[in-house]
Each structure stands twice: as structure tokens, then as C-alpha cells.
Amino acid sequence: MPEAPAAAPWYRRLMLGLLLAPALLWLFALIVLPHVDLALLSFRERVAPRQYVASLAQYRTFFGEPLYWRVFVRTAVLSALATALTLLVAFPIAWTIAKLARGRMSALLFVVCLIPFWVSETVRTLGWMILLRESGVLPALLVHLGLTTQPVELLYHDATILVGLVYTSLLFMVVPLVGNLESLDNALIEAAYDLGGKGWSILREIVIPHAAPGITAGCIVVFMLTLGNYLTPTLLGGKNSLWFTEQIYTQFITRFNWEQGAAFGFLLLALSTAMVWLGLKVSGQRFSDVMRRA
Amino acid sequence: MSAALLLALLAGVQARADNAQVLKIITWADYVPAEVIAQFGKETGIQVQVTLSNNEEMISKLRATGGAGFDLAQPSQDRILGAQQEFRIYKPFDTGKVRLDEFVPELLDIIRKNATIDGKLYGLPYIWGTEGLIYNSKRTRISDYPDLCKPELRGRTAVRLKRPTLMAFALASGRNPFALYDNTKAYTALMEQVGKTLAACKVNFRFFYDNKDQLLNGVRSGEIDAAMMWDSGGWALNRANPDIKFINPRSGAIAWMDTFALTARGRNDAAAYAWINFVMRPEIAAKVARSVGNFTAARGAEALMDPRIRAQFAETFPDGLKNIKWYPAIPPGLEAIEGAILDRVKAAD
Numbered sequence: 001m002p003e004a005p006a007a008a009p010w011y012r013r014l015m016l017g018l019l020l021a022p023a024l025l026w027l028f029a030l031i032v033l034p035h036v037d038l039a040l041l042s043f044r045e046r047v048a049p050r051q052y053v054a055s056l057a058q059y060r061t062f063f064g065e066p067l068y069w070r071v072f073v074r075t076a077v078l079s080a081l082a083t084a085l086t087l088l089v090a091f092p093i094a095w096t097i098a099k100l101a102r103g104r105m106s107a108l109l110f111v112v113c114l115i116p117f118w119v120s121e122t123v124r125t126l127g128w129m130i131l132l133r134e135s136g137v138l139p140a141l142l143v144h145l146g147l148t149t150q151p152v153e154l155l156y157h158d159a160t161i162l163v164g165l166v167y168t169s170l171l172f173m174v175v176p177l178v179g180n181l182e183s184l185d186n187a188l189i190e191a192a193y194d195l196g197g198k199g200w201s202i203l204r205e206i207v208i209p210h211a212a213p214g215i216t217a218g219c220i221v222v223f224m225l226t227l228g229n230y231l232t233p234t235l236l237g238g239k240n241s242l243w244f245t246e247q248i249y250t251q252f253i254t255r256f257n258w259e260q261g262a263a264f265g266f267l268l269l270a271l272s273t274a275m276v277w278l279g280l281k282v283s284g285q286r287f288s289d290v291m292r293r294a
Numbered sequence: 001m002s003a004a005l006l007l008a009l010l011a012g013v014q015a016r017a018d019n020a021q022v023l024k025i026i027t028w029a030d031y032v033p034a035e036v037i038a039q040f041g042k043e044t045g046i047q048v049q050v051t052l053s054n055n056e057e058m059i060s061k062l063r064a065t066g067g068a069g070f071d072l073a074q075p076s077q078d079r080i081l082g083a084q085q086e087f088r089i090y091k092p093f094d095t096g097k098v099r100l101d102e103f104v105p106e107l108l109d110i111i112r113k114n115a116t117i118d119g120k121l122y123g124l125p126y127i128w129g130t131e132g133l134i135y136n137s138k139r140t141r142i143s144d145y146p147d148l149c150k151p152e153l154r155g156r157t158a159v160r161l162k163r164p165t166l167m168a169f170a171l172a173s174g175r176n177p178f179a180l181y182d183n184t185k186a187y188t189a190l191m192e193q194v195g196k197t198l199a200a201c202k203v204n205f206r207f208f209y210d211n212k213d214q215l216l217n218g219v220r221s222g223e224i225d226a227a228m229m230w231d232s233g234g235w236a237l238n239r240a241n242p243d244i245k246f247i248n249p250r251s252g253a254i255a256w257m258d259t260f261a262l263t264a265r266g267r268n269d270a271a272a273y274a275w276i277n278f279v280m281r282p283e284i285a286a287k288v289a290r291s292v293g294n295f296t297a298a299r300g301a302e303a304l305m306d307p308r309i310r311a312q313f314a315e316t317f318p319d320g321l322k323n324i325k326w327y328p329a330i331p332p333g334l335e336a337i338e339g340a341i342l343d344r345v346k347a348a349d
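Just so you know, the sequences run in chain order A and B. Mapping to the working numbering: the first sequence position 7 is 7, numbers consecutive. Mapping to the working numbering: the second sequence position 110 is 110, numbers consecutive.
Hints are supplied without guarantee of correctness; some may be wrong.
[Claimed, not checked] Within a straight-line C-alpha distance of at most 25 Å, the following computed DSS-like cross-link-like pairs (lysine-lysine) qualify: (1) Lys150(B) to Lys239(A); (2) Lys239(A) to Lys325(B); (3) Lys212(B) to Lys99(A); (4) Lys239(A) to Lys162(B); (5) Lys325(B) to Lys113(B); (6) Lys113(B) to Lys239(A).
[To be verified] Each pair of labels, with its calculated beta carbon distance range: (7) Ala29(A) to Asn217(B): 22 to 30 Å; (8) Gly300(B) to Pro22(A): 19 to 27 Å; (9) Leu278(A) to Gln214(B): 36 to 44 Å; (10) Gly300(B) to Ile31(A): 31 to 39 Å; (11) Ile31(A) to Ser221(B): 54 to 62 Å; (12) Pro92(A) to Ser221(B): 50 to 58 Å; (13) Arg308(B) to Ile31(A): 30 to 38 Å; (14) Trp277(A) to Ala270(B): 42 to 50 Å; (15) Ala159(A) to Asp213(B): 54 to 62 Å; (16) Pro92(A) to Ala38(B): 16 to 24 Å; (17) Trp277(A) to Arg88(B): 53 to 61 Å.
[Stated by the list, open to error] Over the 12 Å line for every Cβ pair with chain A, so calculated as not near, a few chain B residues: (18) Gln47; (19) Ala64; (20) Ala83; (21) Glu106; (22) Lys120; (23) Thr140; (24) Leu161; (25) Arg250; (26) Leu342; (27) Val345; (28) Lys346.
Honestly, the hints are just simulated from the structure, not real lab data. Beta carbons: idealized from backbone N, C-alpha and C, even for Gly.
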């Protein structure tokens, strides 16, 4: 039959389309459509009740009001700092799990990292608040040990926000790092020692280059989670949190200003895209490689 | 296969039948006590589903759905007019279906003045109260809003980062913000001045609270010595610890009133009317009042009110309601001016 060979690819294409349909529908209905709607919102301005005109006023407000700029930059800087700190904390943990612990011990360590995620982020953050507030556990301990004479308020500082953020994102850095470090052949490290390498130079010349895709993947995930986090900065930062997501929430919910909120949302999206691009450029990684390793 | 389909269909029909018997209310904490829901269910067969919220969220949620998803909302009386003009989220009451003689006439008059659009009434009074000051008399003594900024209270006070705080400090500066609602220029100038006062006072605020419990927690644990607070919360603290006082500030407590409002696309108006007539009966209203710790707008419920709360009211307001300021309706757009000021206070060092 002459039709048969032509029918097969057509049939196969249909199958492929059907298999992909849920994912494509998801992407289109829940991600693309809302973003288009938000984009349209961000380019209009209220002139009178129920009357809107196309305008760039929302973006002008952002660039004209130093306050919003400051919060924007602050969020980016603190997120980058939180990402770096998470990497510093996560690397030894991942190294222990991947290289030092054996069998059950390594599985156990992994579970220990995972356990905090069995409860929701709200509960974890409230836990930190109980520990750090002036009438809380840690200030009382400091007084008991004689380190301070009065209970000190440990909440509502930038450092508190960073502690919360690092704690929340630790797992997302540990997982890709463990995957990468496990694939590093121990013989390479032994050979490096044989050739006279020292701890630091081996780390720099062998371990980090090997783990680079994992590091980049972890950093991208953690940075995005941190930048878009709302709960942790708001609860732990209190009156001084000044996180950009909070500004977006405020514009949408308490100011009824969807237009400004949408514009802020797009600026945050642009910021995270730019930072990820910059991170890839600086580390010399390719996005597709990194995502495969993550 | 067909049996499963049939079952699913039946379940859908069943769910729809149930829907007709459900009243969905978006309201504040303690406004719809479980005891009252049970009694209403027994009497009418209607189930009540409660969603807890606050003024801004109520408006935002209804705006997002065009006034659907709930049958009855309970915004503050000053928040109806502007929100309705801007977002069309409510529908007017058919006053023939409500027993208007159950309401305290003075409170009904306030709503009539503030929530009537094109001759139609969009709200009915439910619960009212005041916002004033609390302080711990063992630690400090204050008499007006700006006292929260006294140097010795550094880090020991709290307010909400919302418009009531702006109004309170504006009143304390000797101006009347309510008289300037329609004068955008003068209002902006006044708000800018208030914003500067609050920014300078920020070192004194330990936090900006979002809900009653957060503040009550702070006061109970001794972290907060003085704060702006609603009367019900203040009196509750006072009942637990007599050192904590709720007072009418020298510039005047600000009076709020929460209402009933029908949502624009609510599906069960009949149940909403039944509910309103039910909870405004004096004996039911008194139960609600005990649950919230505030007075209701039901005529005759005051006599059934907890005598301790009546005594506390008399202590806070020895001259009755003379030095109390009622919120007038907020015109659309006013909140944008206030929002910019609140953002600046938040960002101040």
C-alpha cells in the first residue's frame, strides 16, 4: 500500500502532540496567558473610576520613586548574598554525603537535610520566630550564659532574613551538589595528591571544575527561590523587611493597584532573568548543560 | 465505565443541590461564631461557610472574581462606596426583605449616609467599635497617639502600617483629615506631614502588626508596652491583666463599623437575607457580641451584653461617644495617596 509509509509519521506526530498536550496546555493556560494579561495590565493607567488608558506610568513610577529602586536593588543584593552563603554552607554537607559517609550513613545525612521540609515553610519560619524573638529561646539562653545582661531582639534584622533564607534553600543546593560530587572519581583526587597537590589547589583545580554545573544549577534555583520568597523576609524582617515581592503583594492587595503590581512583577522577572544570564556568562556554563545536571 | 460516569453525574447533581443550601460569608474573625451557625442550620437547614479576611483582602478577592465566590461580605462602612464605584463588586439591598426596625437607628443613619449610591442602599450595620490606645500602666503612661513616639518607648510600641494609623496621627496633629477627603492637594500635603512624623517614630515601633493576635501576643509576652488597638482587643487584655488599659486618646478614638454587603454575583441572596434577619435578633446578636467583644447594631442587644464589657466601655468612654470620630466614606483614589506615604514609612531608616 502506497499510503502506509506516509501515514506512519502523521500518526506518530499526532501521538507526540497528544502526549505533550497536558504539558503544553499547562504552559499556555497557567503561565503564558496570565503573563500576557499581566503585561497588558502593566501598560495601563487609571485616570478615573473604571477608566483606564494605555501608558508607561507604572514603569515611570518605579524609576522615578527612589524608594522602589532601593527595595529592588536591596532584594537583588541580599538574594545574591543568601545564595553565596547557601553554597558555602551546603558544599561541606554535600561533600560529606557524597564522599565521606558510606551507605546508610549517607542516606541518613540526606534525610536529616530533608526532614525540615516535611513541614510547611510557614511553620518553619514561625519556628525561627519562637527561637529568635526577645522573649524567645535564644535570647534567654544568651542571658543565662551571661553573654548579654538583657534579652536582645534577634528578629527584624537583615541577618535574620539571611538566616531564614539560607535555611529554607539549603536542600535545593545540596541535591544538585551531591549528584555532581558523587560522579567525581576518587582516583582523580588520589592522583592529584600523588602529584603533590594540596587540599586547596585540589579543590580549585579538580573538585570545583567538576562540580561547576551542579554549583551553577543550585545557585540558579536558590537565587530564584530567594528572590521570589515572600514569607520568610516578611515574617523575619518585620518592619524593615523591604522585600520586592512584598511590594508586589501590597500593590495588588492593599492598594488595589493591579497596574503597578503587574509592572513590579515584570521588573522582578526581568531581574531574575538578567541575573541568571549573568551567572551563566561569568561561570562559563551553558544553560542546557546546567539544567540537565540539576 | 458508564456506571462510573453515572455516579459522577449524580455526584454533580448532588453537589448542586447542596449548593442551594450553602451561604458563603467572607468576614472577620469571631464575627460568625460556630454556635450561631449551628442554630441557624437547625432553624433553616442552610449551611454557613466562613472565610476569614480583612477589608483590603475582601475587596481584592471580590474584585478578582467580579463579585462572585461569596454571597455576603462584611466590609467596613467607609469601604463600600469607593469600592463599589470603582469595581462594582456589590449589589444593593432590597430593604423590603430586611427587618430594618431591628437596627439601631443612629447606626443605620450613618450607613445610609455613607453607603447609598443612586438612592440604593449597599450596606447594613452589623458590628461597631473604636480604635484607641492600649498601654501597660506598670511600664508607662500615655494619653494620645503621638505619645507612642516618646523616646523612652523606643522599640516598645506597635501600630498597623495602614490608613487608620495615618488618620490617628493626622487627628493628633490638630487637623481633621476627614474634612480634606475631597481636596486632593491639601490631603496629600497632610498625609506627607503625617508620613514624616511616622518615619521619625519608626524606631519606637517594634513591628507593624497585621492581625489582632500578633499584637496581643506581643503585649502578653511583655515585648510591647503601648500600641494602637481596637477596643475589643484592649478590653480582652485588660480582663486578663488589669495593668493593661484601653483608653480613648485625647485626639479622639476612631469609630469603625462593619457591615453586611451583598456581593454582585452572589448566588444565594435568599439565604443572605435569612441570615441577616436571624443574626440581628437581639438574643442572637448578643451571642455574636460576646464572641467578638464588641457592640452590635442590633436594637436591644446592648441590654443583653456582658456587664463586664459594658463596665469597661463606661471606663474608657466616661463621656459616652462625644469624643469619637466616625470614618466618612472613602472616595476612590484616596488610597493611592495614602499608599505612597505608607511605602515611604516602611522604607524609612
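Evaluation of the provided hints:
| no. | hint | in the structure |
| --- | --- | --- |
| 1 | Lys150(B) to Lys239(A) | holds, 19 Å |
| 2 | Lys239(A) to Lys325(B) | violated, 28 Å |
| 3 | Lys212(B) to Lys99(A) | violated, 51 Å |
| 4 | Lys239(A) to Lys162(B) | holds, 13 Å |
| 5 | Lys325(B) to Lys113(B) | holds, 15 Å |
| 6 | Lys113(B) to Lys239(A) | violated, 37 Å |
| 7 | Ala29(A) to Asn217(B): 22 to 30 Å | violated, 42 Å |
| 8 | Gly300(B) to Pro22(A): 19 to 27 Å | violated, 60 Å |
| 9 | Leu278(A) to Gln214(B): 36 to 44 Å | holds, 39 Å |
| 10 | Gly300(B) to Ile31(A): 31 to 39 Å | violated, 56 Å |
| 11 | Ile31(A) to Ser221(B): 54 to 62 Å | violated, 44 Å |
| 12 | Pro92(A) to Ser221(B): 50 to 58 Å | violated, 37 Å |
| 13 | Arg308(B) to Ile31(A): 30 to 38 Å | violated, 55 Å |
| 14 | Trp277(A) to Ala270(B): 42 to 50 Å | violated, 58 Å |
| 15 | Ala159(A) to Asp213(B): 54 to 62 Å | violated, 26 Å |
| 16 | Pro92(A) to Ala38(B): 16 to 24 Å | violated, 57 Å |
| 17 | Trp277(A) to Arg88(B): 53 to 61 Å | violated, 43 Å |
| 18 | Gln47 | holds, 28 Å |
| 19 | Ala64 | violated, 9 Å |
| 20 | Ala83 | violated, 8 Å |
| 21 | Glu106 | holds, 30 Å |
| 22 | Lys120 | holds, 17 Å |
| 23 | Thr140 | holds, 17 Å |
| 24 | Leu161 | violated, 8 Å |
| 25 | Arg250 | holds, 26 Å |
| 26 | Leu342 | violated, 8 Å |
| 27 | Val345 | violated, 9 Å |
| 28 | Lys346 | violated, 7 Å |
Hint compliance for this structure: hints 2, 3, 6, 7, 8, 10, 11, 12, 13, 14, 15, 16, 17, 19, 20, 24, 26, 27 and 28 are broken, all remaining hints hold.
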